[in-house]
Structures are given as C-alpha cells and as structure tokens.
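J.: For reference, the chains in residue letters:
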Amino acid sequence: MDLLYVAILLALFGLISALAVGCARLQIRTAAPRPPVSTRDPAPTALPDPGTLP
Amino acid sequence: MTSHAMVLLGLFLAALLFLAYPLGTYMAGSLDGTGRGAAGWARRTLRPIEAGVYRLGGVCPEKEMDWPTYALAILLFNFLGAVAVYALQRLQAGLPLNPQGMPAVSADSSLNTAVAFVTNTDWQGYAGESTMSYFTQMLGLTVQNFLSAATGIVVAAALIRGFARHGAATIGNAWVDITRATLYILLPLSAVLGIVLMDQGVIQNFSAYRDVQTVEATQYQIPRLDAAGQPVKDDQGHAVTETAMTPAQTLPMGPVASQEAIKMLGTNGGGYFNANSAHPYENPTPLANFAQMVAIFLIPAGLCFAFGRMVGDRRQGWAIFFTMALLFVVSVLIIVPAEQGGNPLLTPLGVDQAAGSMQAGGNMEGKEVRFGIADSALFAAITTAASCGAVNGMHDSLMPLGGFVTLWNMMLGEVVFGGVGSGLYGMLVFALLAVFIAGLMIGRTPEYLGKKIESFEMKMISLAILATPLFVLACTAIAVLTADGRAGIANPGAHGFSEVLYAFTSAANNNGSAFAGLSANTPFYNVLTAVAMWFGRFAVVVPVLGIAGSLAAKKRLAATAGTMSTHGPLFVALLIGTVVLVGALNYVPALALGPIAEHLMPAHPLAATH
Numbered sequence: 001m002d003l004l005y006v007a008i009l010l011a012l013f014g015l016i017s018a019l020a021v022g023c024a025r026l027q028i029r030t031a032a033p034r035p036p037v038s039t040r041d042p043a044p045t046a047l048p049d050p051g052t053l054p
Numbered sequence: 055m056t057s058h059a060m061v062l063l064g065l066f067l068a069a070l071l072f073l074a075y076p077l078g079t080y081m082a083g084s085l086d087g088t089g090r091g092a093a094g095w096a097r098r099t100l101r102p103i104e105a106g107v108y109r110l111g112g113v114c115p116e117k118e119m120d121w122p123t124y125a126l127a128i129l130l131f132n133f134l135g136a137v138a139v140y141a142l143q144r145l146q147a148g149l150p151l152n153p154q155g156m157p158a159v160s161a162d163s164s165l166n167t168a169v170a171f172v173t174n175t176d177w178q179g180y181a182g183e184s185t186m187s188y189f190t191q192m193l194g195l196t197v198q199n200f201l202s203a204a205t206g207i208v209v210a211a212a213l214i215r216g217f218a219r220h221g222a223a224t225i226g227n228a229w230v231d232i233t234r235a236t237l238y239i240l241l242p243l244s245a246v247l248g249i250v251l252m253d254q255g256v257i258q259n260f261s262a263y264r265d266v267q268t269v270e271a272t273q274y275q276i277p278r279l280d281a282a283g284q285p286v287k288d289d290q291g292h293a294v295t296e297t298a299m300t301p302a303q304t305l306p307m308g309p310v311a312s313q314e315a316i317k318m319l320g321t322n323g324g325g326y327f328n329a330n331s332a333h334p335y336e337n338p339t340p341l342a343n344f345a346q347m348v349a350i351f352l353i354p355a356g357l358c359f360a361f362g363r364m365v366g367d368r369r370q371g372w373a374i375f376f377t378m379a380l381l382f383v384v385s386v387l388i389i390v391p392a393e394q395g396g397n398p399l400l401t402p403l404g405v406d407q408a409a410g411s412m413q414a415g416g417n418m419e420g421k422e423v424r425f426g427i428a429d430s431a432l433f434a435a436i437t438t439a440a441s442c443g444a445v446n447g448m449h450d451s452l453m454p455l456g457g458f459v460t461l462w463n464m465m466l467g468e469v470v471f472g473g474v475g476s477g478l479y480g481m482l483v484f485a486l487l488a489v490f491i492a493g494l495m496i497g498r499t500p501e502y503l504g505k506k507i508e509s510f511e512m513k514m515i516s517l518a519i520l521a522t523p524l525f526v527l528a529c530t531a532i533a534v535l536t537a538d539g540r541a542g543i544a545n546p547g548a549h550g551f552s553e554v555l556y557a558f559t560s561a562a563n564n565n566g567s568a569f570a571g572l573s574a575n576t577p578f579y580n581v582l583t584a585v586a587m588w589f590g591r592f593a594v595v596v597p598v599l600g601i602a603g604s605l606a607a608k609k610r611l612a613a614t615a616g617t618m619s620t621h622g623p624l625f626v627a628l629l630i631g632t633v634v635l636v637g638a639l640n641y642v643p644a645l646a647l648g649p650i651a652e653h654l655m656p657a658h659p660l661a662a663t664h
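Heads up: the sequence lines are chains A and B, in that order.
Counting from 1, one number per residue, gives the positions in the first sequence under this note's numbering.
Counting from 55, one number per residue, gives the positions in the second sequence under this note's numbering.
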C-alpha cells in the first residue's frame, strides 16, 4: 500500500518537474532568433503538363 | 451591518495597516539581506544561525540560480518535505511523544495530509486530536507550516526581483531565500504571536489527554456509517443519524499555541483540533480571535509594501494593497449582512433573529456564541480571501449567500491578500494580464514596471491563471459523476453540490477550509484532492518563476508620456475588473448550480422542501 502512495507522490513530482522543463524549453524556443522571412516571391515551380508524353 | 460589525471591520483594517506597513519594510530588508533598522539588527543577531544552516547544507549563498534551477530546487525541496510528512504519519506509532498511543495514519490519508501541508493548503480529512501524535504535529505539520509559507514568500521575492533586475540571468538562490524567510520573518513573528495566544489561554503542553466528568450526561446525534465508513442515507437522500450519550468528556492536550501562531501567520489554517479556531483551546477569547484575524492578513499585506520597496516605487505596493483591500471589503459587506439577516425559513416559525442586547441575532447555526455573527462572518471572509483555511465557525452552516462569498473569495485565485507570497505573486500575474488587456485596447506594447510583456510571459500568465480553475472544475465533475464521489455527499441537491465544489475550490486554491458535510477521508477524495492541491500550487509556481526569469533578463524601459500609470485609481479599477472578470468567466456556471440556486430556494419555503 505504501509503495502505491509513494509512487503517486513520485508521479506528482515527475509531472510538475516535466512542466518546469517544458516551460524552460519554451522560453528558449521563444527567445531563439527566427529565420528572416524573405520578401521575394518564391520561384515558380514548373508543373508537369498532364498532357505531356513521358 | 450592525454597529459592532462596522467598528470591528474598521479596527481590523486599522490594525492591519498599522502593523503591515513596517513589516513590509522589514521583510524587504530581510529578503535581500541589506536591511537597516530592525532588519539589520535581526540580521546581525541571527547571522551565525543562517551561516550555520548554509554550512550544514553545503550551500554557497553567493551563488545565484537561473529560474529553471530555482524552480527545480523549490520542487525538490517540497517533494522531500511531502515524503518526510508521509513517513512520519505512517511510523508515528513507534515514534516518541505519543502519550495517547496513536496508531499509524492510513496510507491514503497520509498522502493527502503530506501534500496538503507542503502546498500550504492544510486540508484536513482527519481530526487532529484523535489521529496525530505530538511528534507528528510538531515535526511534520508545524515544520511544514513554516516551510510551505517560506516557499510562498521566496517565489514572490523571486518575481519581485524579476521586475527589479535588468539584464540578469539569475533570480536569487532558493536555499538562501527559504532560510531567510524562515529565520528572519516567520520564526520571530510566530514566537511573538505564540506568546500572545498563550496569554489569552491557548494551551501549550505535552500532557496526556484528561478525562473529566461532565455536570450532566450529554446526548448528541452522530451520522450512522455503513461498513465502508460512508454515511447511510434515507430514501430522500438525507443522512441518517443515531443518538449517542456520554457522561464524560476527554480534554485533548498538546503543544497548541506554537502551532496556532504559524497556522495563522503562514496562512496555513490546519487546526490542531478538528474544530480548528472554534475550539476554545485554539481560540479562547474575542481578543485572541482578533489577533488571529490580523495574523492571517499580516504577511500578505506586508508583502505588498515590501514589493513597492524592492521595485523602488512604493506607490506600486500601495496600488496592489488597495486593490486587495477593496475586493476584501466588498466581500465583507455581503457576508456580514447575509449572516446577520438570519434564516428566512425560521421567520414564519416565530424565531426571533434580531440582534439585541441579549443575543447576536442572525444565523447562529454553526457559530460560536463567544464570537457571534460579526466576528464569525468577518473571520470567514478573511480566511477565504487569504488562502488560510482556518475556521472559527462552520462554513457549511453559512447562509447560501455567505457560502457564495467564501467560495467566490477562493475562486478569485486567492489573490485578495491570498496566501503568504502566493497572494502577491497571484495578484502580480493578474496585473500583467491587466496591462496586456489595456495594451490591446490602446494599441501599445504592454509593459509593467518598465518591462515589456511579450509572448513567453503571456503563455506563462495563461498557464498560471488557468491551471487552478481547470483542476477545480475537472475534479468537481469527476466527483459528481462517480459513485465514490457522490457517496461522500451528506446533503442532497444544490447544497450537496456546493460541498463538493467547495472541497475542490479549497484544495486547488490551497485554502484548506472545508464546507463540512462532505465525508472526504476516503481513498477517492484523499487522492483526488491531493492531485488538485499539488497542481493548484506548483502548476502556478513554475510559470510564475518562468515569468520572473524572463523579466529579469530584460532591460528596463524608461517611462515616457505614453507609458500607462500602474499606481493610480484607474489601474486599480482595471486590475479589480480583470480579477473579477476572470473569476466570473471561470466559475459562474458552477456557482449557479450550488450557492446561487440554494440562495433562490429558501425565500420560498415550499420550494425548499421539494
């Protein structure tokens, strides 16, 4: 019986520690510089004409 | 409100302000270790003990922590505390200071109590005098009363440093902060209050319990329990009771005053006795009652002023204090008249419920005659506004509107003075949300105390504000949907729902008071309330420390003509609006099913009987 309740305590500690680690990682991701967004239009991609004979 | 109630409220607020302001100055100096005056004197006197603690723990006080390290230190510290309290309860039969030979506490109750005391909730599914040895009360519960309060203070201090510092990678040292909060703030205050309470008649001894013959045999009703320990109910869902009689009474003894002082000052609320502050050995006189009420608000109010000093702008502390005080006074102006008005169902029966020279009048069910309506209703408002949870009357017997106020105070997130530390950091989170909302309205980047509030802070604020309601509502829903949950309800209908809602509101907001009527010492409620208490505490602490770390790293922006003032009446009104709106959006549907429905029923006696 004691094992069960100590395991519950451990699970509570583990989950809240995971939340702390998750928040810390979120902060790093939020603070990381984002890649510059290109203002140019992407180069047009040539789509194969369905009627083209392979 | 009666003139007695108005004078009492005025005296209470005056005494609070008179004591909290200098305490705020003292706490600001003590937490940063730079204080002069009383803080400097205490530091010089107690410095050898502080240094000894660091040497014993291998702590380097100069080494500061970033916020994740700080958070993990706090979590580990509290986890180990919970394990220690659990072990003490399970092993108490073989440990010293157990003159009554108390057996080991059951495993599920031990888990619940361990989590309750490390989270500053102090929810009690057990009766202290018939469950805990002196050793467990002192080394387990009282120690955690200090340490959980210290945890709240240090998290608030870390958040304040987040505002005060700029370009910093650290927010302090968790071990140093916990040591200072305990040694310089909680211990001296508790010693003083403990002596005051002993002077008023609160007991402090290690004697065995005493059996005394009563003047006449006492007849009383007890709920009939089934084989599983659950109350038996009749066809209409009412609890079945049976008559018991006793010619004797056992007077429990113990080291009560020392626990009582920190129970109030640390906004813990876990009573030494089952009757808590309604017990004459815990709260013997009206003066002791007044001292206990002031003690509950003392540190949370003082921390507002400490905040103003630590961020270098005392007006900011006053703004937070006024916000809390206004919300509190409104709750008192509702609960006291609601209780003084009495029960409308008794009026047609010819019961005199008017206040007069011979009686307090009003709804006296569940209240101590020593305290009457005003001292009981004010106590109920204070203990639920602060996350204390001590009670000097039974909240289950409050009028529906009175029950609504106690629930509402907790549902605001325990930020109306709130818990020690947790009230301040909770209110500061709401302040950040308020400036964000104001920023959206006027089209400016939100900032508070010169710090920009950006994406990461807003995510953490959302997490901190929504975690508690999530656990309150989800756990309540689970309880009313399952047979194990419904089995503990003693009253049918809206009042029964209020009992369950109150239990999880109290647990997840770390208040700890109970509505009573709910048989919560079962494996189901012990585990579910433990989960609610744990996440209600630490799922808020973690994002708050995240905000602290993020803000500390930012540079401070100079105030310009376009900067929104955060110390004036406009900001106080905005902050009150934010707190009330968030609370209402989260909880109004649940409140409508409980106290609001019940309030609408007693006005029509026929409706109440169906």
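Where hints are given, some of them may not hold.
To be verified - Some chain B residues close to chain A (C-beta under 7 Å, calculated; not the full set):
no., residue
1, G221
2, F376
3, S509
What the hints assert, rightly or not - Below, computed lysine to any residue pairings styled on SDA-like, alpha-carbon distance capped at 25 Å:
no., chain 1, residue 1, chain 2, residue 2
4, B, K506, A, M1
5, B, K117, B, T88
6, B, K609, A, I28
7, B, K513, A, L3
8, B, K609, B, R219
9, B, K513, B, L611
10, B, K609, A, A7
11, B, K608, B, A528
Since the hints were derived computationally from the structure, they do not count as laboratory data.
Cβ atoms here follow ideal geometry from the backbone N, Cα and C, with glycine treated the same way.
J.: Between the alpha carbons of K513(B) and L611(B), is the straight-line distance 25 Å or under?
T.: Holds, because 22 Å separates the two Cα atoms, which is no more than 25 Å.
J.: Would you mind confirming whether the straight-line C-alpha gap from K506(B) to M1(A) stays at or under 25 Å?
T.: The hint is violated at about 50 Å.
J.: Take the C-alpha atoms of K608(B) and A528(B), compute the straight-line distance between them, and say whether it is at most 25 Å.
T.: Violated - the C-alpha atoms of A528(B) and K608(B) are around 37 Å apart, more than 25 Å.
J.: Given S509(B) as an interface hint, is the shortest Cβ-Cβ distance to chain A below 7 Å?
T.: holds (5 Å)
J.: Does F376(B) hold up as a contact with chain A if the rule is Cβ-Cβ below 7 Å?
T.: Interface hint status for F376(B): violated (32 Å vs cutoff 7 Å).
J.: Are the Cα atoms of K513(B) and L3(A) separated by 25 Å or less?
T.: violated (36 Å)
J.: If you draw a straight line from the CA of K609(B) to the CA of R219(B), is it 25 Å or shorter?
T.: Holds, at roughly 8 Å.
J.: Would the hint linking K609(B) and A7(A) be met if the CA-CA limit is 25 Å?
T.: violated (43 Å)
J.: Holds or violated: K609(B) with I28(A), Cα cutoff 25 Å?
T.: holds (18 Å)
J.: If you take the shortest Cβ to Cβ gap from G221(B) to chain A, is it below 7 Å?
T.: It is violated, given that the least Cβ distance between G221(B) and chain A is near 14 Å, above 7 Å.
J.: Has the given pair, K117(B) with T88(B), been kept, meaning a C-alpha gap of at most 25 Å?
T.: holds (17 Å)
When the structure is compared with the earlier hints, violations turn up for hints 1, 2, 4, 7, 10, 11 and for no others.
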